[in-house]
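Participant: Protein sequences, first through last, are from chains A and B.
Each number in my numbering corresponds to the 1-based position in the first sequence with 29 added.
Each number in my numbering corresponds to the 1-based position in the second sequence with 34 added.
Hints were generated in silico from the structure; no laboratory data involved.
Careful, some of the hints might be misleading.
What the hints assert, rightly or not - In silico negatives: residues of chain A with every beta carbon more than 12 Å from chain B:
| id | residue |
| --- | --- |
| 1 | Ile39 |
| 2 | Ile41 |
| 3 | Glu50 |
| 4 | Arg67 |
| 5 | Arg81 |
| 6 | Ala85 |
| 7 | Thr88 |
| 8 | Val90 |
| 9 | Gln106 |
| 10 | Ile114 |
| 11 | Phe122 |
| 12 | Gly153 |
| 13 | Asn158 |
| 14 | Ile176 |
| 15 | Phe220 |
What the hints assert, rightly or not - Reference listing, derived: stretches of chain B covered by chain A, where coverage requires no fewer than 3 residues with Cβ under 8 Å from a Cβ of chain A:
| id | region |
| --- | --- |
| 16 | 122-135 |
| 17 | 268-274 |
| 18 | 480-487 |
Said to hold, decoys possible - For the chain B half of the interface with chain A, some residues (derived, Cβ under 7 Å), not all of them:
| id | residue |
| --- | --- |
| 19 | Phe157 |
| 20 | Ser265 |
| 21 | Phe277 |
| 22 | His278 |
| 23 | Ile279 |
| 24 | Leu281 |
| 25 | Leu296 |
Glycine residues also receive a C-beta, built at the ideal position from the N, C-alpha and C atoms.
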Amino acid sequence: MSSQIDRTGIKIGMWLFLYSEIILFGGLFVLYAAYLYRYPEFFAEGGKELNRVIGAINTIVLLISSFTVAASITAIQRNAKKQTIVFLVFSIFCGFVFLVNKYFEWGAKIHHDIYPNSETLVSGEPGVNIFFGLYYTITGLHGLHVIIGMILLSISLVLVIKGKVNSSQFSMLDNSGLYWHLVDLIWIFVFPLFYLVL
Amino acid sequence: MASKDDISNRQDKNMTATQSFYHNSAPPGLTGIKSWLLTHDHKRLGLMYLGVICFWFVLAMFLGLMLRTELMTQGRTIMDAETYNATFTLHGVIMIFLFMIPGIPAIFGNFFLPIQLGTDDVFFPRLNLFSWYLFMFGGLFAIISLFVGDGFPDTGWTFYVPFSINNNANVGLTVTAAFILGMSSMLTGLNFVTTFHRMRDKNMGLMQIPLFSWSLYATAWVQILATPVISITFVLIILERFFHIGLFDPDKGGDPLLYQHLFWMYSHPAVYVMIIPGMGVISEIIPIFSRKSIFGYKAIVWSSMAIAIAGSLVWAHHMFTSGMSDVSVFVFSLLTYLVAIPSAVKVFSWISTMYKGSIEMTPPLLLSLIFIFLFSIGGLTGLVIGSAGTDIHVHDTQFIVAHFHFVMFGGTGFAFFAALHFWWPKMFGIMYRFKPAYIGASLTGVGFIFHYIPMFILGLQGMPRRYYDYLPQYETGNFLAGFGGYLLVIGMVTMFVNLLMSFKQQVTAPADPWGGTTLEWTVPSPPPVHNFIKEPEVESYPYDFTKVAERFKQSGK
Chain A
30 MSSQIDRTGI
40 KIGMWLFLYS
50 EIILFGGLFV
60 LYAAYLYRYP
70 EFFAEGGKEL
80 NRVIGAINTI
90 VLLISSFTVA
100 ASITAIQRNA
110 KKQTIVFLVF
120 SIFCGFVFLV
130 NKYFEWGAKI
140 HHDIYPNSET
150 LVSGEPGVNI
160 FFGLYYTITG
170 LHGLHVIIGM
180 ILLSISLVLV
190 IKGKVNSSQF
200 SMLDNSGLYW
210 HLVDLIWIFV
220 FPLFYLVL
Chain B
35 MASKDDISNR
45 QDKNMTATQS
55 FYHNSAPPGL
65 TGIKSWLLTH
75 DHKRLGLMYL
85 GVICFWFVLA
95 MFLGLMLRTE
105 LMTQGRTIMD
115 AETYNATFTL
125 HGVIMIFLFM
135 IPGIPAIFGN
145 FFLPIQLGTD
155 DVFFPRLNLF
165 SWYLFMFGGL
175 FAIISLFVGD
185 GFPDTGWTFY
195 VPFSINNNAN
205 VGLTVTAAFI
215 LGMSSMLTGL
225 NFVTTFHRMR
235 DKNMGLMQIP
245 LFSWSLYATA
255 WVQILATPVI
265 SITFVLIILE
275 RFFHIGLFDP
285 DKGGDPLLYQ
295 HLFWMYSHPA
305 VYVMIIPGMG
315 VISEIIPIFS
325 RKSIFGYKAI
335 VWSSMAIAIA
345 GSLVWAHHMF
355 TSGMSDVSVF
365 VFSLLTYLVA
375 IPSAVKVFSW
385 ISTMYKGSIE
395 MTPPLLLSLI
405 FIFLFSIGGL
415 TGLVIGSAGT
425 DIHVHDTQFI
435 VAHFHFVMFG
445 GTGFAFFAAL
455 HFWWPKMFGI
465 MYRFKPAYIG
475 ASLTGVGFIF
485 HYIPMFILGL
495 QGMPRRYYDY
505 LPQYETGNFL
515 AGFGGYLLVI
525 GMVTMFVNLL
535 MSFKQQVTAP
545 ADPWGGTTLE
555 WTVPSPPPVH
565 NFIKEPEVES
575 YPYDFTKVAE
585 RFKQSGK
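Please construct the entire structure, taking both the sequences and the accompanying hints into account.
Facilitator: And the structure:
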């Protein structure tokens, strides 16, 4: 093994992985497209039942956290350890806020008897059932990715504090940041597809 | 024909004695079992894959033999209908996910890709080890899923809804196993693409890369492109089993056809994950034993990439009778025909390479020739089912079973055997006996024909696949097929036993027993831990046999 670390290579690997994550969601978006074509009016009906304010807040929260993650990477390159830590903690906090919002959103829906295989959905219109089925599947999977992203950022945070991630060796933070941007990017597609659908 | 002694005498006198990778561990300092289980060495990982994958192959082979034994006579022969359903599911799942897909890339790809590219390891060695563990866990889950839940999973390897969702057996766990195996295969692909781009010797241009490495590169892209689709499809099956969302349930507004689309969007490209590396192996073997540069090097490179791309766009030809629109049937049928072109380019190149070559018969070449013959039949019968009209007649019959066994087994399977015989001396540093290898290979080839040709006829006569019992008129064909099956298994056992016997005989193999031109033949057999003793010298063209011919002339062969 060469003693020099090939950062470009590591990044290529990470991008390929991110690409596979996009295809993973791509499969679900294919389902969404097929069913939107079949049930346009029910998708619109379902979309109106979702809380756009919470959705918009979550979008803004994720966008801000994406910025702070990017800022933390710039900070570590400039050897500003304290700044890096502050930015990272704030980003992880944003992820936490996102999940709390999601929890209340799902909670309210479940409270109104709207969840997979619930009485209301099963006896109601099939199109609405599919809309909420996809809603729970896609936002659920996205939520899981938020959690994974937070774990990655937390690991990076620990490594920054320990000094193992520093201005000359920051691939771990760099790649966790890329992952976090992916989580953000997917949400940018999920938000209009469910909350703003006609 | 060359004898084994001839070949053992081709010692390269300049080769200095060095310790092989069996003596040194990577990372250094590990001993005993740890030096294997915690290794980062791509060669050790390749051998570990070899061990596990051979285990699965032998198991699934005997399951297949049980199936055909059951079908040899009408009614119950050795097992009841439920066991039969579970057995063909298991045979399919193991063969596809645990043998065909990982087979050549994980074993020979791991072992030889870095050497052919002139480097010391893959780009992410630790990820490589992780992939191996994922593979082991996937296999373990597959075994566990058999014994928990109400009976063995019996959905077939396609896990079609609604059966896979309503089924009482533990399909969820089987699907999880397939999910983990998919992840292992995808990470291997990711590793190979990065290795190909970043670790290649600085002097090796794109058109100087050996064809086996090119085929692995094309395969790796398909693995990265397509595997996540099957992952999400499997996740959906699991979610449906737990939460009954109804995404594929017509009562709840879902569409079961969408499942089939998602499934084949991966699983058809996966067919190319299985065959492209096999084609790569054949492209290495044919020129070496013809002592002649490969015909149409660039055409083979581009056809690999063309198959990878076009092959990703043909999935719905598995669904011609499912009731999708005529326009889709037309488009997918046309695209399917297009894939035949690059495949035919390769067959043409192999044949042209041998034309006016100086052919030396060896076990790997014999197996490669059988590959070309069987693969061509498989490919041509593929056109019969790729065209919508004839497919209606033979859809879901034994014809399909025969077709894909010709491609998967006659193709990938024989390429696997050929690779095993071709690289065996390099991997273990010992040479096997040729005579039993020829006998085994011939028996396997003859048994294969006897086994699968009757199925073509049975299928044309209308016998459905996956059925436990059949009408009296199909009995002769099924009996003959079963007879061929036994011949086939005897042949394979002969080959494997012969290879294993070589450990006992310990006939040392030279660094370059065949007269190869690619980099793996310039290093000792077995290679040292960092592969190269001195800086690899990259030839301007990977299949130039001038030097090899001169060397043979000097030694009077």
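Participant: When the hints from earlier in the document are held up against this structure, which numbers fail?
Facilitator: 1, 2, 3, 4, 12, 13, 16 and 18
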